[in-house]
Amino acid sequence: ILNVEQSPQSLHVQEGDSTNFTCSFPSSNFYALHWYRWETAKSPEALFVMTLNGDEKKKGRISATLNTKEGYSYLYIKGSQPEDSATYLCAFNSRTTSGTYKYIFGTGTRLKVLA
Amino acid sequence: SAVISQKPSRDICQRGTSLTIQCQVDSQVTMMFWYRQQPGQSLTLIATANQGSEATYESGFVIDKFPISRPNLTFSTLTVSNMSPEDSSIYLCSVARGQLFSHYEQYFGPGTRLTVT
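As they're listed, the protein sequences go chains A and B. According to this note's numbering, the stretch in the first sequence is residues 1 to 115, in order. According to this note's numbering, the stretch in the second sequence is residues 1 to 117, in order.
Check each hint, because a few of them may be wrong.
[Unchecked claim] Restricting the straight-line Cα-Cα distance to at most 25 Å, the calculated cross-link-like pairs of lysine-lysine (DSS-like) are: (1) A:K112 <-> A:K59; (2) A:K102 <-> A:K69; (3) B:K7 <-> A:K42; (4) A:K102 <-> B:K65.
In case anyone wonders, no lab produced these hints; they're calculated from the structure. Please read these numbers as outputs of a predicted model, since none were measured by experiment.
Could you put together the complete structure from these sequences and hints?
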C-alpha cells in the first residue's frame, strides 16, 4: 500500500507570514511528484510537477523542493495573502519495474490566511 | 490546459437512489478519470474511463456501484448507484495530456458535492 502523507492537516497564518508544508511519499518506484492548489468550489489547479531529486520549482511567491532519496517535498509560500487560502494537495506518481503507473494523492493541507 | 465542466455541482439525494454525474471537456482527450474525496480523506481514483471500451476500476470499486459511460472523446458520466450515506463525497472528473500514463498534469473539473441522507 502506498501512503502519501501531508502535514500539517491545516493551518492558519497571518497575512504577510511565510509558511511551508510537507508531503512525504515512498522512496521506491518514484516517477514524479505533483503539487495542486484547490480552492473551495473550484477545480484543483496544477502548481508544479517535479521529477528529479533536488528539483526546485518556483511560481511567484510559491516554491517547492524535492528530495526523492528520503521521500519528501516541501511547498513554501512567501508573504502569504488571503487569496492563497486553499487546500494544497500533493500527488505521488510512481512507476513500477513492470511499467505500471500509479497516481496517489495526499489528504491535503488546508491553509487559511487571515487578513 | 483543458476546460472541464461537471453537472450537477451539488446534490442532496435519498438513500437507495442513484445519481448520474456528467463531465464535459472542451477538447478531445484520450484519458479521463473519476475520483472521489470522502470527508477527511484523500482524492481516490475510482476508475479510468476509456472511450470505446469498458472502464478500468481501481481496487475497491465495482461497475455495478459506479457504472461509467464514455461515448466520445469529450464526455463521460459516472453513476453512483443505490446510494448510502457513505457515498457522501466530492466527485471529480479529470483529464490528462500525453501519450503515456506518465508524469502528466491532470486537469480537473470543479467537482460534484454529493450528500446522501
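Hint by hint, here is what the structure shows:
For the proposed pair A:K112 and A:K59, the alpha carbon gap of about 19 Å is at most 25 Å, so the pair holds. Distance check on the hinted pair: A:K102 and A:K69 sit about 19 Å apart at the alpha-carbon level, within 25 Å; holds. Proposed proximity of B:K7 and A:K42 is supported: the alpha carbons are some 13 Å apart, at most 25 Å. Taking the CA atoms of A:K102 and B:K65, the gap is about 23 Å. The hint holds against a cut of 25 Å.
In this structure, every one of the numbered hints holds.
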